Amino acid sequence: MESIPDAPRIVSDEVKAITERNINDITERTQRWLSETEIKEVSIVSYDDAKMYADLVTSKSSHRWVILLHGYKRTREKVHNYASFYAEKGFNIVMPDLRGHGKSEGSFIGMGWLDRFDIIKWTEYIVSLDPDAEIVLHGISMGAAAAMMTSGEDLCNNVKAVIADSGYTSVWEQFANVTKSYTGLPAFPLMYTASFFANLIAGYSYSEASSIEQVKKSKLPILFIQGKGDTFVEPEMAERLYEAHPNGDLLMIDEAAHGQAMYYAPELYFKTVFAFIDKYTSSQ
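According to the numbering used here, the stretch in the sequence shown is residues 1411 to 1694, in order.
Quick caveat, the hints were computed from the structure, so don't treat them as lab data. Everything numeric in this text was worked out from a predicted model, so none of it was measured. Hints are not guaranteed to be accurate.
Here are the simulated BS3-like pairs of lysine-lysine, each with C-alpha atoms no more than 25 Å apart in a straight line [as the list claims (entries may be wrong)]:
id: 1; residue 1: Lys-1499; residue 2: Lys-1681
id: 2; residue 1: Lys-1426; residue 2: Lys-1483
id: 3; residue 1: Lys-1450; residue 2: Lys-1461
id: 4; residue 1: Lys-1570; residue 2: Lys-1531
id: 5; residue 1: Lys-1570; residue 2: Lys-1626
id: 6; residue 1: Lys-1499; residue 2: Lys-1513
id: 7; residue 1: Lys-1426; residue 2: Lys-1638
id: 8; residue 1: Lys-1499; residue 2: Lys-1488
id: 9; residue 1: Lys-1483; residue 2: Lys-1531
id: 10; residue 1: Lys-1461; residue 2: Lys-1499
id: 11; residue 1: Lys-1426; residue 2: Lys-1531
id: 12; residue 1: Lys-1450; residue 2: Lys-1531
id: 13; residue 1: Lys-1531; residue 2: Lys-1461
id: 14; residue 1: Lys-1689; residue 2: Lys-1570
Build the full structure now, drawing on both the sequences and the hints.
The structure is reproduced here in structure tokens:
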């Protein structure tokens, strides 16, 4: 996966223009917010003694918290644009570098599967700061998979909801699709060999790292968001995830490319996100 380039975004000129205009507007908005905001770097020690780092923004007016989770080969700075919208709503915000990304330690990228235990540690950190915290997990792409995989674990009652944007059903299925798209090779024998060594070296197999199996177990409400123009994570994955989870909602955004739903339709995106969150947290 290290050799695979960023997800291609094959969209029309009109969609590209709309997206780029919104990106520029949102980036300017974020820069204004950052210039007025105190961001503190914090850290935790995870289950395997790896040190994890995050940006922290606190609000004295609310017990609502969001953990924002970036995508593959990204860092915490990539979710600052999302954070500015949450800050406007008064949320406290934690933005981690996921395992093996940015400043956070970890020898292997777990595609969300290894990250789920780190995220649990972040929820415990939040509760140590605010015992009345109401926590939302919001992830994009690999971060969405991490949020969904976390949702199937035994979590504290402070965790209230999950937003999964452009997440995949399982590591196996996503890797198989990407391998076929980029190389034309079938799953056998490459995927089986890679999964064997992942299990041997990193401690997880591609087949066990399943978002869809975790959401089947999850007791949390989950909002699945997916762009219909996504050519990296197949849009039907979101539909299958939604069908597998009895307590969820689905937002499909026409023509939005991979991880671009927020930029293609920001008003619809955040109107839906906050209406969903408001159903499961105290309005503060």
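How the hints compare with the structure:
At most 25 Å may separate the alpha-carbon atoms for a hinted pair to count; Lys-1499 and Lys-1681 meet this at roughly 12 Å. Between Lys-1426 and Lys-1483 the alpha-carbon distance is near 23 Å, which keeps this suggested pair within the 25 Å criterion. Of the supplied pair hints, the one linking Lys-1450 and Lys-1461 holds, its CA atoms being roughly 16 Å apart against a limit of 25 Å. Between Lys-1570 and Lys-1531, the direct Cα distance comes to roughly 16 Å. Compliance with the 25 Å bound is thereby established for this hinted pair.
In summary, the hint linking Lys-1570 to Lys-1626 is supported, as the alpha carbons are separated by about 16 Å, within the 25 Å threshold. Using a Cα cut-off of 25 Å, the hinted pair Lys-1499 and Lys-1513 is violated, with the two alpha carbons roughly 28 Å apart. A distance of roughly 14 Å separates the Cα atoms of Lys-1426 and Lys-1638; the hinted pair therefore holds under the 25 Å criterion. For the hint linking Lys-1499 to Lys-1488, the alpha-carbon distance of about 19 Å falls within 25 Å, and the restraint holds.
Our distance criterion of 25 Å between C-alpha atoms is met by Lys-1483 and Lys-1531, whose separation comes to about 21 Å. Of the supplied pair hints, the one linking Lys-1461 and Lys-1499 is violated, its CA atoms being roughly 30 Å apart against a limit of 25 Å. A threshold of 25 Å between alpha carbons decides the hint, and for Lys-1426 with Lys-1531 the separation of about 38 Å lies outside it, so the pair is violated. Distance hint between Lys-1450 and Lys-1531 is fulfilled; the C-alpha atoms sit about 18 Å from each other, no more than 25 Å.
Of the pairs offered as hints, the one joining Lys-1531 and Lys-1461 holds, with about 11 Å between alpha carbons and a cut-off of 25 Å not exceeded. Restraint check for Lys-1689 and Lys-1570: satisfied, since their Cα atoms lie roughly 10 Å apart, inside the 25 Å limit.
Figure legend: structure checked against the earlier numbered hints; hints not met, in rising order: 6, 10, 11.
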